[in-house]
Amino acid sequence: MQGKTVLITGGNSGIGYETAKDLLRRGARVIIACRNMDKGRQAVQKLYSETKCQENNLQLMKCDLCSFESIRKFANLYNNEEERLDVLMCNAGLSWSPYFITKDGFNSVMQANYLGHFLLTNLLRDTLRQSRPSRIVNVSSRAHRTEGINTFSLCPGWVWTSFQSPMREAIGLYKFLVLYPIICLCRSVFTKTPEIGAQTVIYGAVEPSIQRSTDIFF
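With our numbering applied, the sequence shown covers 13 to 230.
By construction, these hints were calculated from the structure, which means they are not laboratory data.
Check before you lean on any hint, since a few could be wrong.
[Said to hold, decoys possible] Capping the alpha-carbon separation at 16 Å, the derived lysine to aspartate or glutamate pairs in EDC-like fashion look like this: (1) 16 <-> 95; (2) 74 <-> 50; (3) 58 <-> 81; (4) 16 <-> 34; (5) 64 <-> 34; (6) 64 <-> 30; (7) 51 <-> 76; (8) 58 <-> 94; (9) 115 <-> 76; (10) 74 <-> 93; (11) 74 <-> 94; (12) 115 <-> 81; (13) 33 <-> 76; (14) 16 <-> 81; (15) 16 <-> 98; (16) 51 <-> 30; (17) 33 <-> 67.
Using the sequences provided together with the hints, build the complete structure.
Put into structure tokens, the structure is as follows:
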């Protein structure tokens, strides 16, 4: 991890803190983004003490995932001041918090755990791209399994359907005419019919052997 920059949301406590500590010991430069700066500063001092890392290898920045304004300010500051982002670790989150609606109009748990990180990831996308090969690590949960509803994601492959109809408008008529022979060849050789492509979808709906499974990608 030498020479790599890692951004950890919620890196001031719990899993985020232990992750920061491990990566600092591996030589990474760690930036902790958190809502409570007092707790953040306490965590930073403790990390310095426990890892003996260089001062410029650890930084604290404010980012409140329950505020889109705070996220935008953070991302703008990061993109202007930092040259790299090798790993974005979306770790911060809420669980048994009192119910409240954020000023952006969303349930605080939904905004902190999902919407905030989604916005943050998109705002940092260019910096992630220029640091390739980079990574995004999303810390999630299996708590949804208690509802008894299984979830599956699937890719049916390259299926030729009306989904491709807007292609001519998207790439322009000239490019479409130039590429048309290649498109026809690819369609006949590589693509599936909708009937064949639907088999993966049907499998996810009716297959008995996956009844006790969830969070699977086909």
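Those earlier numbered hints the structure runs against, lowest number first = Violated hints (numbers, rising): 3, 8, 13 and 14; every other hint is consistent with the structure.
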